[in-house]
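Take the given structure of chain F and dock chain S to it, following the hints.
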Amino acid sequence: MYYLKKAAGCLVTIVLVSVITFWAFQILPGNAARTILGVNADEVQVQNLEIELGLNKNPIVRYCDWIKGLLKGDMGTSYKYRQSVNSIIAKSLNATVLLTLYAFFLTALIGLPLGIFLAAKKKNPLSHFLSIFSQIWISTPSFCTALLLIIIFTVKLNWLPSIGFTPFNENPAECIRSLTLPSLSLAFGYSSVLARYLRSSLLEEEKKDYVRTAKSKGLSTTKVVFRHELRNAFIPVLTTTGMIVAEILGGSIIIENVFSIPGIGSLITSAINARDFPLIQSLTLYLSLITVATNFIVDILYPLLDVRLRVSHSAKQQGKTL
Amino acid sequence: MKKYFQNKNFVAGFILFSLVLVLMLVGFIHLPYDPNAIDITNKFAPCSFKHLLGTDHLGRDLLSRIMVGSRVSIFIGVIVMLFSFVIGTVIGSLCGYFQGKIDSIVMKLNDSFMAFPGLLLALMLIAVFSPSLKTTIVALTFMAIPRFVRISRSGFMKLKPSLFVMNAKSKGASNLRIMLCHILPNAISDLIVTSSLTFSLAVLNESGLSYLGLGVQKPDASFGNILSDAQRYILQSPPGVIIPAVILTVLVLGVNLLGDGYSEVNEH
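Note that the protein sequences, when read in sequence, are chains F and S.
Each residue of the first sequence is one higher than the one before, starting from 1 at the first, in this note's numbering.
Each residue of the second sequence is one higher than the one before, starting from 323 at the first, in this note's numbering.
These aren't lab readings, by the way, just hints derived from the structure by calculation.
There may be inaccurate statements among the hints.
[Stated by the list, open to error] Here are the simulated lysine-lysine pairs, DSSO-like style, with alpha carbons at most 27 Å apart:
no., chain 1, residue 1, chain 2, residue 2
1, S, LYS365, F, LYS156
2, F, LYS121, S, LYS330
3, S, LYS423, F, LYS6
4, S, LYS423, F, LYS5
5, S, LYS480, F, LYS5
6, F, LYS121, F, LYS207
7, S, LYS330, F, LYS123
8, F, LYS121, F, LYS223
9, F, LYS68, S, LYS430
10, F, LYS57, F, LYS72
11, F, LYS123, F, LYS215
12, F, LYS207, S, LYS480
13, S, LYS480, S, LYS491
14, F, LYS223, F, LYS123
15, F, LYS5, F, LYS68
16, F, LYS72, F, LYS6
17, S, LYS430, F, LYS6
18, F, LYS123, S, LYS325
19, S, LYS423, S, LYS491
20, F, LYS217, F, LYS121
21, F, LYS207, S, LYS330
22, S, LYS480, F, LYS208
23, S, LYS430, F, LYS5
24, F, LYS122, S, LYS330
25, F, LYS6, S, LYS480
26, S, LYS540, S, LYS456
27, S, LYS493, S, LYS480
28, S, LYS540, S, LYS365
29, F, LYS80, S, LYS540
30, S, LYS325, F, LYS122
Isolated chain S, as found in the complex:
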């Protein structure tokens, strides 16, 4: 662990990510206000001790909304990362290890899924099942799986002919044992980098979808919702846009830097 904390990127990422994480954790213990409580007399309140980050156009406390929003973002990031990691790695490792006809068919399909630009694949699924938190998670997981398939497949393909695998095979280890105990630990570092990328992309895409009104539904808070509300009142209250945008960027930047730092440490 110590070698990671000697890497500048990793430390910077750790600090930034922790900032948002602390914000989220404090929100579990104590929310200053109900994030959906409307107080119209107090709209566009500036930053003060009563409302640390001010209020929005309905007088809702921005800090409380951001705390709940970061909860949604991190939750979606983690769930999408875990699901796509497991599903993608299972498919990719089987393809890379056994190869053959099925592998080429699956890879062709995988490439086709990657041909949908940007959010399009997610948008298509959201159009079919109506927009909600659940649909967002399913759609973003679907978008992330092909990346894991590709990375794990290439890792397994590269490592399969290596000596330590031959050695295990000659000792009679089963295919499952070779894959889980011998190849996977050696291929894991690329997958961890992909995981950090998936996490940050999931957070980015979720905020984008919610901004379009196709992700987490109003009045529930999420960074995308907060920003799309704030945009309409951008003239009255520019900080209402800047603060959530900066916190969202800090979260994504933190995770990206963690991933960069991790891969730098493991390259050397």
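For reference, chain F alone in the conformation it holds in the complex:
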């Protein structure tokens, strides 16, 4: 029942997101076809494009057509590239997915130990220092971090490339090298967010009775933290993790432009500059759907991690049937 309810909610969100994405391009001031072609286009060209884009039809009919196409896997044709949106996205998806995964991996790699350390050694001067540092990273825009990393690792040390992307199937090692700086610039900020959430969640758990019991049994602090607290503290953090994946995906739009990585983000900005509306529309919908899906997965994982939630749901169920 819990899953069904979540799935229904997720479906409604998807429909609403598609409606918002569609209508955003309907409020275009003036004539859409003329906006795309520019002021110099003649009347015939404008009319031809209107027919091509289906602008002469009723918006509701157009929305239904668009959705029908989407369900068949056809996202329309890009105006600028004269190719199907599907094939363009497929080309750029590789880089963005790799970047997001790598950045998320680094976020977890830095964030989780940092959070545990900050909570366990809260009186340590080092943790005080790290806490200030994490606050600074949260406030630094990711592209500023990126530029600072370029200065250190490319300009001064000349260790890592600051531009371009090598596909994974061409040269895996070079691919990882080319994505290290972009992923790091995303990971710094978000790992600090993750660490702070984990820290406050752990400190919350520390006050509870079961931790005192475990400690009074004579377990070492390490065991108490890793065996008992962490499992419970991680539950609220899971929601943040879902949010962070979405934020990394959104943040990659800027980072891809900093490092000239040919991914979805670079595609979106060039599409905006070219006023390629079918492409922007599909890309927006695509990224939002990934976000909705991530949140849905987090919702599904929730009761798997937290037995209490499962029990309370089934208890409610029984209460209803009685």
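Below, chain S without anything else, positioned relative to chain F:
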């Protein structure tokens, strides 16, 4: 006010924010140079008494450009914060107070707006209306409203059944009076924390958009523009990147710390 200045975070935030604020205010009284004046013979000048922070690739004075840039950032932060606060709180408080069918529809819509990751919602609006300062403000306000709706709604929902509201109701207070005079003052502290978050996010997002060339348009100075120009000459002049990046971070950090300090004081 005194209790706020006993909080470490609040004081640190106040100092950092004031630094940038002073920079901006001095810029209103006296700009060392015209921020857009090109002086090609003087490009990449190092820090000196003539140019305190040096010059960029066109010989434009960096300090003057940063002063104007901080003006843009703070202006956008304040405007976006005010607009989204008013619009979001009106929608959220009505939903939280009256609830019912319309509330659930509005909240579903609100959640859908929050499903657009990062700058995507703003980018979509910028694609529709061409990029400019006005579009940036509208787009960032749009992005910030759902957060206020959610926070104010939950505050109003939580406080509606409380005794002081019942008391006011039994004395015949109108719904508007209850909402404005009784519930809002009690729900305001969460909204103020959200405001500080909105301000810093607006500053961050504006710099990101301008960096992409989709926010404030060149040659007008804004942190994003300054940084995207400086990135192309990162080999010749690394300080041209570091200085604006640090000042931008100081501004955002200052506001974040003010928000943290405020919420810490009000929690205890």
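Going down the list of hints, with the structure as the test:
no.	hint	in the structure
1	S/LYS365 to F/LYS156	holds (22 Å)
2	F/LYS121 to S/LYS330	holds (20 Å)
3	S/LYS423 to F/LYS6	holds (19 Å)
4	S/LYS423 to F/LYS5	holds (18 Å)
5	S/LYS480 to F/LYS5	holds (24 Å)
6	F/LYS121 to F/LYS207	holds (15 Å)
7	S/LYS330 to F/LYS123	holds (16 Å)
8	F/LYS121 to F/LYS223	holds (15 Å)
9	F/LYS68 to S/LYS430	holds (23 Å)
10	F/LYS57 to F/LYS72	holds (21 Å)
11	F/LYS123 to F/LYS215	holds (19 Å)
12	F/LYS207 to S/LYS480	holds (25 Å)
13	S/LYS480 to S/LYS491	holds (16 Å)
14	F/LYS223 to F/LYS123	holds (19 Å)
15	F/LYS5 to F/LYS68	holds (25 Å)
16	F/LYS72 to F/LYS6	holds (25 Å)
17	S/LYS430 to F/LYS6	holds (13 Å)
18	F/LYS123 to S/LYS325	holds (24 Å)
19	S/LYS423 to S/LYS491	holds (23 Å)
20	F/LYS217 to F/LYS121	holds (21 Å)
21	F/LYS207 to S/LYS330	holds (24 Å)
22	S/LYS480 to F/LYS208	holds (25 Å)
23	S/LYS430 to F/LYS5	holds (14 Å)
24	F/LYS122 to S/LYS330	holds (17 Å)
25	F/LYS6 to S/LYS480	holds (24 Å)
26	S/LYS540 to S/LYS456	holds (14 Å)
27	S/LYS493 to S/LYS480	holds (21 Å)
28	S/LYS540 to S/LYS365	holds (18 Å)
29	F/LYS80 to S/LYS540	holds (25 Å)
30	S/LYS325 to F/LYS122	holds (24 Å)
Against the hints set out earlier in the document, no violation occurs for any number.
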